[in-house]
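2 protein chains.
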Amino acid sequence: MISHPAYDIEPWCLRETELNLGLLAQSESVFALSNGHVGWRGNLDEGEPHGLPGTYLNGVYELRPLPYAEAGYGYPASGQSVIDVTNGKLIRLLVDDEPFDLRYGRLHHHQRVLDFRTGLLHRTVAWTSPAGSTVRIRSSRLVSFTQRAVAAVAYEVEPVDAEIRIVLQSELVANEQLPPVPGGDPRSAAALESPLVPEENFARDTRLRLIHRTAGSGLQVAVAADHVVEAPAGTTTSAESTENLSRLTLTTHLHPGQTLRVEKFVAHGWSSTRSLPALHDQVEAALFSATHTAWDGLRAEQHTYLAAFWAGADVEVDGDAEIQQAVRFALFHVLQAGARAEERAIPAKGLTGPGYDGHCFWDTETFVLPLLTYTAPQAAAQALRWRFATLPAAQERARQLGLAGAAFPWRTINGSECSSYWPAGTAAFHINADIADAVVRYVAATDDDAFAREAGVPLLVQTARLWRALGHHDPQGAFHIDGVTGPDEYSALSDDNTYTNLMAQQNLAAAAHLVSRYPREAGLLAVSGAETASWRNAAARMSVPYSTALGMYEQSAGSTSHEVWDFPATGPEQYPLMLCFPYFDLYRKQVLKQADLVLALHLRGDAFTRDDKARAFAYYEALTVRDSSLSACTQAVLAAETGHVELAYDYLGEAAMMDLSDLEHNTRDGLHIASLAGTWTALVAGFGGMRHHEGLLSFAPRLPTALSRLAFTVLVHGRALRVEVTRRTATYSVPAGEPLEIQHYGTPLKVSPLSPRSVTLPTAAPEGTAPDQPPGRRPLRRSAGGAPPVG
Amino acid sequence: MISHPAYDIEPWCLRETELNLGLLAQSESVFALSNGHVGWRGNLDEGEPHGLPGTYLNGVYELRPLPYAEAGYGYPASGQSVIDVTNGKLIRLLVDDEPFDLRYGRLHHHQRVLDFRTGLLHRTVAWTSPAGSTVRIRSSRLVSFTQRAVAAVAYEVEPVDAEIRIVLQSELVANEQLPPVPGGDPRSAAALESPLVPEENFARDTRLRLIHRTAGSGLQVAVAADHVVEAPAGTTTSAESTENLSRLTLTTHLHPGQTLRVEKFVAHGWSSTRSLPALHDQVEAALFSATHTAWDGLRAEQHTYLAAFWAGADVEVDGDAEIQQAVRFALFHVLQAGARAEERAIPAKGLTGPGYDGHCFWDTETFVLPLLTYTAPQAAAQALRWRFATLPAAQERARQLGLAGAAFPWRTINGSECSSYWPAGTAAFHINADIADAVVRYVAATDDDAFAREAGVPLLVQTARLWRALGHHDPQGAFHIDGVTGPDEYSALSDDNTYTNLMAQQNLAAAAHLVSRYPREAGLLAVSGAETASWRNAAARMSVPYSTALGMYEQSAGSTSHEVWDFPATGPEQYPLMLCFPYFDLYRKQVLKQADLVLALHLRGDAFTRDDKARAFAYYEALTVRDSSLSACTQAVLAAETGHVELAYDYLGEAAMMDLSDLEHNTRDGLHIASLAGTWTALVAGFGGMRHHEGLLSFAPRLPTALSRLAFTVLVHGRALRVEVTRRTATYSVPAGEPLEIQHYGTPLKVSPLSPRSVTLPTAAPEGTAPDQPPGRRPLRRSAGGAPPVG
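Top line first, the protein sequences correspond to chains A and B. Using the numbering used here, read the first sequence as starting at 3 and increasing by one per residue. Using the numbering used here, read the second sequence as starting at 3 and increasing by one per residue.
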């Protein structure tokens with residue numbers, strides 16, 4: 003599992019040199035291109051064979067009824083599902099009289115390269131048709147970071163040894179047929195078959211356009227394309243269009259040495275409110291801009307954009323080439339998910355696949371936004387401004403639930419709740435504190451005053467109101483939050499979940515603090531002094547359950563007295579447990595799907611002593627089975643902090659290889675964006691020891707044996723702080739700007755452009771025995787030399 | 003609400019003298035006839051107008067898929083729904099050339115009488131058609147207690163003032179059209195439309211027959227009819243049949259003074275296994291037996307059967323004529339639900355309506371079987387033998403859930419789980435202890451050795467195994483049962499629910515005890531000495547949560563520290579709460595839908611002191627809103643025991659009038675059989691103070707001011723113990739048999755045929771202030787003279 007035979011290990015790209023049809027769907031996810039607004043799965047240009055065709059526009063979904071055999075008050079009646087919109091990628095080819103289809107004939111050469119620095123996906127193919135005609139194809143594809151509606155393909159075909167007759171069909175296709183959902187609910191598949199209702203179709207000269215709308219959600223979707231053709235004389239073109247297909251056809255003869263080159267520019271647009279002519283004009287304008295920029299211009303813009311990103315975001319890892327590649331793959335895909343999402347959600351799978359129905363969860367704020375906050379802060383701001391835009395829906399949901407403030411949805415596309423299973427949906431109120439945490443972190447890292455004023459105050463005030471309404475003071479004054487579900491999905495409906503309570507505590511205190519900074523904005527929300535006092539009081543008196551018997555904080559009140567899961571009796575084929583055991587049994591026993599209290603040890607590390615952390619981490623290691631991809635990175639961070647850097651390294655490997663090695667066997671449905679971001683977190687917060695509590699940026703670096711050097715850059719207060727860690731020293735530097743105050747292992751350090759600070763790492767205590775995981779659930783050993791130490 | 007204008011108050015019957023079309027569906031439930039095998043709703047003979055037509059055969063259901071937007075392991079894939087089978091009640095009439103339909107013309111007289119002593123439903127009507135023809139109709143109907151497949155109708159029509167032309171159509175109708183389910187799920191309605199697939203139809207002379215099968219569940223249903231006609235000369239008859247209709251038509255002229263009389267005998271049968279010819283012969287044989295017995299014979303058998311029942315079951319109440327009527331109504335309907343169920347379930351609505359999909363719940367064992375055990379023990383035995391017959395399904399369910407022994411379904415018709423909402427289904431494991439409790443009670447009351455050996459041992463052993471697997475010993479040895487749901491449906495997934503734990507304790511101890519009595523049968527189940535020791539140990543070390551702060555047992559561990567529901571902010575229109583508030587909020591706060599710990603105070607009263615009971619009853623009174631019909635009777639019992647007999651009397655009124663006054667506005671869907679049984683419980687266990695712990699039968703009678711006398715009979719050890727209570731004395735007598743040892747207010751008493759024992763009641767302590775209920779949730783005051791003290 004460490005090494006995936008399909009991909010070469012290279013520092014700045016992902017290269018595939020064999021086409022394995024069984025892995026096609028997984029490769030379509032890893033080779034997906036996106037800018038956060040438009041997503042193109044890495045489908046082959048010719049459309050088939052495919053694992054799962056996919057073109058997504060952030061925010062475009064169809065409604066589907068949520069069925070209940072026994073309904074209850076407050077259950078959402080309808081859900082949202084991302085849909086496959088009009089496919090602009092397609093370029094089909096007829097070679098002599100046979101379709102170019104890799105399932106037939108002979109494939110001499112296949113290569114795909116995703117270049118993290120240029121943002122292009124390149125493909126080269128050499129193929130002989132069953133009838134013996136041989137062609138070479140080169141294509142490059144991009145989804146523009148600079149022109150958010152635009153994607154483009156440059157496609158070249160040439161004969162290898164004899165003249166061939168070529169027909170090339172460049173298409174827009176709507177309502178393309180999708181493979182059946184494996185094990186899926188037949189109702190939801192039916193509802194989402196052919197979701198696009200034709201509104202307009204057009205084809206003339208080299209220009210194509212299709213406009214559709216969704217029947218239930220009432221969204222209009224427009225996709226238009228134009229082409230630049232370089233072809234031998236005698237090439238004929240024709241354009242035609244029907245409701246679901248708009249097509250440019252080129253017919254020509256190519257002699258060896260001749261090339262047919264087509265540049266295809268595709269513009270995408272959608273709207274719930276604008277008129278058909280307005281949307282029509284919008285995509286035409288975007289298309290005009292793209293053709294005006296031209297292929298070389300789009301490539302250059304893409305490169306410039308990414309160069310700026312990497313300058314502020316790159317992570318260098320010496321000693322593990324696979325991790326070096328994986329962290330850049332991760333940074334690239336997380337950027338793709340969020341770069342131009344612009345007041346739309348960042349879904350759990352980004353725009354790389356339809357998994358989780360295209361929904362956004364707490365993953366975004368808790369796992370993805372930390373990375374974006376310190377590397378692409380404008381993307382973090384936009385994601386939080388999307389939450390702000392959905393505040394009215396969250397306030398309505400809170401009212402419906404009999405609460406105050408805002409109750410953000412557990413899973414959503416448009417801001418309204420899509421979770422039909424309330425014990426792990428409605429009850430998981432921590433998402434509200436997670437959003438607040440992301441707001442606090444973003445403001446602390448950027449000093450973005452406009453954001454704090456416009457979005458930060460309302461988000462913190464309404465979430466603080468929720469917590470105040472959700473909890474209660476007991477007769478002794480302690481504040482309790484009962485009957486809620488924390489991060490761990492193998493527990494539910496507990497009293498005083500430590501993670502939830504500590505995150506709510508921060509939420510309440512931060513709201514009171516921000517309100518004091520922005521009294522005018524607070525006044526518009528009718529925040530009174532009495533109200534902020536009540537928040538401060540609830541925060542100050544927040545209960546944090548502690549087991550005196552164990553001398554340890556516990557996940558929730560009384561949870562450590564529950565029966566421990568019978569791990570020895572659980573076979574490896576019974577994981578993930580939720581597919582083999584009922585929730586009732588998982589919930590009532592000590593077994594964790596994912597970090598819960600341990601996540602609190604990371605995000606609210608300021609609330610615990612070092613001993614607290616060591617004890618709790620060891621205790622919960624033995625109970626955590628990691629059936630969730632949202633766990634390894636957090637365990638890496640706490641393993642590193644508690645002195646188990648080799649174990650942390652193993653967890654880093656798991657987070658980093660989640661999709662490249664398809665560890666959970668569902669990368670076909672899209673990438674695990676949070677786990678990708680966790681790769682960065684494991685390195686920066688784990689081995690870099692970075693924390694950012696109460697505005698104080700601190701580091702406590704320590705490398706595992708395999709790594710000789712780790713270097714990363716984080717953007718704080720508008721400056722790019724570079725941290726370089728070797729086995730003995732850490733060097734902190736800023737290229738420009740005011741000095742920056744940080745801490746290194748608790749010692750204050752002032753870093754200025756003139757004085758990079760190089761400090762020796764404290765001698766590590768001898769690494770004690772690492773805590774045990776449940777039998778069979780130890781992460782793969784990376785620390786034992788799994789990867790060659792290539793620089 | 004105390005008095006229902008539609009029904010007169012009479013001691014031995016229920017009389018309706020007005021036809022209120024708005025109350026038709028409710029009246030069809032209260033006038034339903036059943037023997038536990040066949041159920042005929044009280045639909046008018048002519049079929050329309052109707053509220054809800056209904057003919058039910060116990061055990062006949064159709065499957066329907068249970069939809070889940072987010073499915074989970076162990077969720078049942080399909081549910082069962084009772085279906086309206088072939089209707090044999092129908093006798094349509096054409097008067098001159100107008101259909102006899104009470105929605106038109108003029109109704110001069112309407113009366114229906116349900117006679118509790120004869121078991122007949124009589125109807126008399128005088129009606130003038132829109133065209134001016136006046137007829138008088140008399141019909142009587144019975145569902146035979148002695149011939150369980152058989153129902154019969156005697157129908158007479160006569161002209162009042164002029165000759166009329168009559169066409170009478172006596173029919174069997176399958177797949178009759180049902181009114182839409184109000185607010186129901188359209189899917190379930192669709193699945194159950196026309197559930198019967200035609201197999202055979204027949205009509206010749208006066209004989210009719212229809213045989214169908216259900217498409218999904220594969221059950222064959224046969225209904226046959228024969229007729230005896232007394233008609234003037236010149237009457238012609240014809241019979242015809244199609245797939246869903248079999249009809250006998252009589253045409254005649256009647257002069258004033260002439261009567262057309264039709265006796266219709268209907269036989270019902272169903273089978274999942276027998277062949278079509280076998281089923282055909284079965285209903286023909288039953289029909290032959292019925293016609294051979296003839297109408298007068300069936301009537302006589304019915305009367306004899308009921309006379310025997312009333313001799314061992316009647317409850318006399320002096321001082322409240324409405325309660326006198328209500329308790330006999332209740333006894334009659336509970337008998338109807340269980341008399342001939344014979345190894346089929348007793349559904350929550352009996353066979354009086356389709357409510358709760360015709361499912362059987364814990365209601366049967368906990369609320370219905372106590373009454374049947376002491377008044378119709380053979381019916382109690384049959385109900386428990388049905389559970390025994392479903393043991394294989396319950397054992398399979400336990401295996402599926404990763405448990406040992408048997409996990410009985412929360413709701414079912416055929417023995418497999420139909421509950422799609424696991425927090426209030428799968429997690430409500432107490433149903434297993436409730437079944438065990440009913441077994442223990444039945445065996446204690448009857449000394450039925452064959453039952454104990456054949457069904458009792460397996461039921462107790464497999465449920466004990468479940469508890470042993472479900473709970474765990476903590477390091478100190480205490481036994482805990484975590485994460486289960488007790489009786490109260492406004493709480494869920496608690497640790498150490500007191501009711502569940504105490505009932506499990508009794509289950510474990512009783513299993514160990516019965517195994518020692520029947521070692522051979524236990525051996526067949528591979529029960530070892532080590533296993534029974536583990537049961538005894540778990541029972542001995544069972545945790546019962548106690549709040550030291552309150553000096554009181556609590557509903558479940560830590561539950562008394564939850565926030566109390568904001569009752570003052572809850573308006574009367576917001577009840578029942580589950581229709582206006584989300585489960586998450588109900589579950590995490592102190593608010594009870596129904597008695598939970600208070601039910602434990604009754605059923606495991608031996609585990610509490612008098613002070614424990616008084617404190618806990620008062621505490622939970624203030625939190626219990628009675629949104630369930632399964633609460634008032636239990637609150638009556640505990641109110642009486644803790645010295646609040648006037649409050650107990652109020653609760654008695656609520657339990658007794660649940661259906662007669664339609665207190666929950668859903669009697670249309672069928673009667674609340676458990677609440678009806680609770681009327682008996684409130685009188686016998688409440689004012690009679692009857693308890694039966696560990697084989698010891700005890701009484702502590704005390705009457706409320708309004709009542710001057712209460713007398714009841716209970717069957718124990720094959721003897722009919724009569725208890726007569728006045729304001730000052732209690733008299734215990736047995737007409738025959740060995741002496742009986744009982745207790746009166748803790749004093750042993752030997753009652754023999756020769757020596758009835760009359761004892762003075764102890765002086766009552768002055769009745770203290772009754773505990774408060776939540777604002778607006780006090781039961782209607784019956785104690786303040788709501789009902790006239792008519793003897």
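Simulated from the structure, these hints should not be mistaken for lab results. Glycine included, C-beta positions come from ideal geometry on N, C-alpha and C. Please note that the accuracy of each hint is not assured.
[Unchecked claim] Just a few of them, taken from the derived set where beta-carbon distance is under 7 Å, the chain B residues facing chain A:
(1) L68
(2) E72
(3) G76
(4) A133
(5) F204
(6) W297
(7) G404
(8) A406
(9) S422
(10) L495
(11) P584
(12) F586
(13) D587
(14) P777
(15) R779
Status of the W297(B) interface restraint (C-beta, 7 Å, chain A) = 45 Å, violated
Chain A contact restraint for F586(B) - C-beta distance below 7 Å = 5 Å, holds
Can G404(B) be said to touch chain A, with a Cβ gap under 7 Å?
-> 6 Å, holds
At a threshold of 7 Å, is the proposed contact between A406(B) and chain A supported by beta-carbon distances?
-> Violated: closest Cβ of chain A sits about 13 Å from A406(B), beyond 7 Å.
Answer holds if the nearest beta-carbon of chain A is closer than 7 Å to that of L495(B); otherwise answer violated.
-> L495(B) check passes; min Cβ-Cβ to chain A is 6 Å, inside 7 Å.
Grab the minimum C-beta distance from P777(B) to chain A and call the hint holds if it beats 7 Å, violated otherwise.
-> Because about 17 Å separates P777(B) from the closest Cβ in chain A, which is outside the 7 Å limit, the hint is violated.
Chain A contact restraint on S422(B) - CB to CB distance below 7 Å | 3 Å, holds
How about D587(B): closest beta carbon in chain A under 7 Å, or not?
-> Since the shortest Cβ distance to chain A is 6 Å, the answer is holds.
G76(B) as an interface hint toward chain A, with CB separation required under 7 Å = At 4 Å from the nearest chain A Cβ, G76(B) passes the 7 Å test, so the hint holds.
Please verify that hint: E72(B), Cβ, nearest Cβ of chain A, below 7 Å or not.
-> Check passed: Cβ of E72(B) comes within 4 Å of chain A, closer than 7 Å.
Would the hint on R779(B) stand, with a C-beta cut-off of 7 Å toward chain A?
-> At about 18 Å, which exceeds the 7 Å cut-off, the nearest Cβ of chain A leaves the hint on R779(B) violated.
Any CB of chain A closer than 7 Å to the CB of A133(B)?
-> 49 Å, violated
Hints 4, 5, 6, 8, 14 and 15 from the earlier list are contradicted by this structure; the remaining hints agree with it.
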